[in-house]
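Engineer: Chain residues, written in single-letter form:
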Amino acid sequence: MSRRDCESIRPLISAFFDGELTPSESMALHKHLALCGDCRRVFDEYQRIRTGFRDLTPSPPPPPDLARSIWSETIDRPPASRSRRLLAATSLKVGLSTAAALAVLIIISAVLLVRGYNQGLTPAVSSSVPLTDQNWPVYQPIKIQFTKPMDHASVENNLQIWPPGERSRIPMSWDNNTLILGSSTSQSTLFLPDTTYQVVVLATAKDSYGNPLGKTFSLSFRTSPIVDTAKDSTPTPQPTPNASPTPGTGQDPAIAQQSTVPSSSVITPPSQSTPQNVVPTATATATPIPTATPTAPAAIATSPSSVVNTPVPTPTQQPTAAATTPTPSPVATPTETPAATVQPAVTPTTADLAPVATPVATATAASGTPTASVIPVTGAFGSVYWAFTDVQTKLGAPLSPEAAMNAAELGFQRGTMYERYDQSEIYVFFSNRQWTKFQDTWTAADGTGGGPAPEDQLWIPKRGFGLVWNSDPNLESSIGYAIAADEHVMGGVVQQFTNGIMLYSDQGFVYVVYDNGTWQLYPDTSGHGDLITPTPVAGETPTSTATPTATPDATPVSPTATP
Amino acid sequence: MSGYAVVPVDEATWVSRAKEGDQAAFEVIFQRYERQIYGFIYRMMGNPDDANDLTQECFIRAYKALPQTSLDLNVSAWLHRIASNACLDVLRRRQRIRWLPWESHKHEHLLHGKPLDDPERNAISNETQVIVQRVLNLMSARNRMALVLREYEGMSCEDIGEIMGLSRSAVKSVLFRGREEFRKVYRTVEVNESECPGEIASPLGH
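The listed protein sequences derive, respectively, from chains P and V. For the first sequence, the positions run 6 to 568 when the working numbering is used. For the second sequence, the positions run 6 to 211 when the working numbering is used.
No lab work stands behind these hints, which were simulated from the structure alone. Treat the hints loosely; a few may be bogus.
[What the hints assert, rightly or not] Take a look, some chain V residues computed to stay more than 12 Å from chain P by CB distance: (1) VAL80; (2) TRP83; (3) ASP94.
[Unchecked claim] Think about it this way: if two alpha-carbon atoms lie no more than 30 Å apart in a straight line, the pair counts; the simulated BS3-like pairs of lysine-lysine are: (4) P/LYS442 with P/LYS467; (5) P/LYS36 with V/LYS69; (6) V/LYS24 with V/LYS69; (7) P/LYS153 with V/LYS189.
No residue lacks a Cβ here, since even glycine has one placed at the ideal position from N, Cα and C.
Take the sequences, apply the hints, and build the full model.
Structural biologist: Next up, the structure:
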């Protein structure tokens, strides 16, 4: 490594931190850093400079009399060219006070009018930086902009960040209507490198006038890797976890169906990754089938003509949809279910849209239950199970009531591990929505293991998780390093269903684990009162439940769609 | 009057009103940027006294220059430009009399008299923070400014270019020089710290 090489590379290191590298420069930098220890040190030092700046507390607030001394030099002494001003200057005190009063009046009336205008509107997320699925530098804060002033506490209470644990680590702040993640007035934090993030603002978040968001906002992005030679081998395997999400599942770690705002494409994926699953469930439970359609684009509901085009994404669903047609009649008895209290909430929203849909919707809700008439699905699980009909379909009926157990959870860069201590089973959830299960064979004799990873903020997992992680060399490249030194031990909850289980994490998540090897992540909304069902479903389920009705009505259309 | 108030008022509106001599509008602009500008100058100068004086000067200059600004004014960049010029003026004057190296030390000294629970003291007591500010104070003004704008204010190279009147590539190179200088000055500060803990010799070392 000649000195001249280093000299030409150093500016690139600096440019890397400014996001100003061209792809070829970036490649040259990577190559050089892999070989040159001196430049790696410089890289580290640049990074520490950044951390040093980010850790600076904000400057003390400007003294209150600063404004006054500025006024005395400016507003109170207006430019002589303006006669209007001159007049004000001569009448000094009086002029000032009237001007001030006028100013106050203008501001107050403006504020009042804008407020009145704002009050009635439903808030929404108007934009986010990054956009969904964008690659994002670790040092750049995330911005989520709302259309109107939000109740900060409410939004923060309804904010979830995956991988678990990141919610408490990442500082946040507000700039008018924009929520900023990754930096606050007192600190800023780097995001974890090469990590899949999912940021969710629940539908129950309120604006400053108490109007709820109404739709759950979900944003998923992946951070760029920090150049590090220790992991120079990883870049090659890394694309693998990424590769599978991109074609189908996209932002995947899966609060997917809810991500209404960023891109509607999110809604479609879940069905794609689990088409095999839909069919068996359909036959097994027979009735819940209508729910297979919710995933279809909302467009279907509104214009029957579009049905012809839309079936393309999920051909497997079409048969199920057809199978639905017979079922609508059994309006059944929604009351059968103990948890049925939830269902009525679904029906009204549907009814609003299209009265025709009502019977079907009830059929859907009721249908999941016949097999399970006595076994309740409540709490966090209920908030997911009853709100997302596709979960009902795919998961089937509950086989047993929920059971408490001890559990541990550990977030990774691109996944999580969750252990049920009652079974000594470790579930590994990959961000590409696949999962596997390992038996925990760890004993104290194995030693704690673990320790810091080559990169800041990342760790090699300990104990049972560490054993599993070390046993399979692929795990390092697929889920990456742990994002905390120790696992989070908690009281977990599990419930068994026909085609899978639900696992509860007290960090605010419900894992829906399907027997077919896929999984989905849902935020736990049960802590938010009885808003559970109406809100997340409102935007999507009604439209989708309407689809079955559209099919029988427009009988000529559905056959064309089916093949 | 109620007619226009219904429309949410954006920055451009405030600016154009302020240009027409609307004092309330200028006040709104001031309130929006006071903290940010003060913070920027504080980092540039390293002490609250200068931050006060120069923030004041910045807004007075801004008020006077307002009528000559263009309609599509980028207020943030414009105010930062005024603030940085004000800072550079002062720093250039002081550099001749080698006043600078002692500033951070003096500032720290001021804090010693403050009660332990004084928020300002808490804010600055952190060792790294003190060192970062000290290193900044020792850097050349232009490099320091680029680094503060980039790393402290988180501005893009484009914004920095607008503030400092530089092309994008010039910003990249001034940032590179700034980081290199920071690294070097940091070493000397560290060495001085370890050689005579507690008492800091003139870090410029003569």
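Engineer: Are the hints correct? Go through all of them and say.
Structural biologist: Verification of the supplied hints:
1. VAL80: 14 Å, holds
2. TRP83: With a cut-off of 12 Å, V/TRP83 remains clear of chain P, as the shortest Cβ separation is near 16 Å.
3. ASP94: At roughly 17 Å from the nearest Cβ of chain P, V/ASP94 sits farther out than 12 Å, so the non-interface label holds.
4. P/LYS442 with P/LYS467: Given pair P/LYS442, P/LYS467 holds - Cα atoms ~17 Å apart, limit 30 Å.
5. P/LYS36 with V/LYS69: Between P/LYS36 and V/LYS69 the Cα gap is close to 53 Å, so the pair fails against 30 Å, i.e. violated.
6. V/LYS24 with V/LYS69: 10 Å, holds
7. P/LYS153 with V/LYS189: 47 Å, violated
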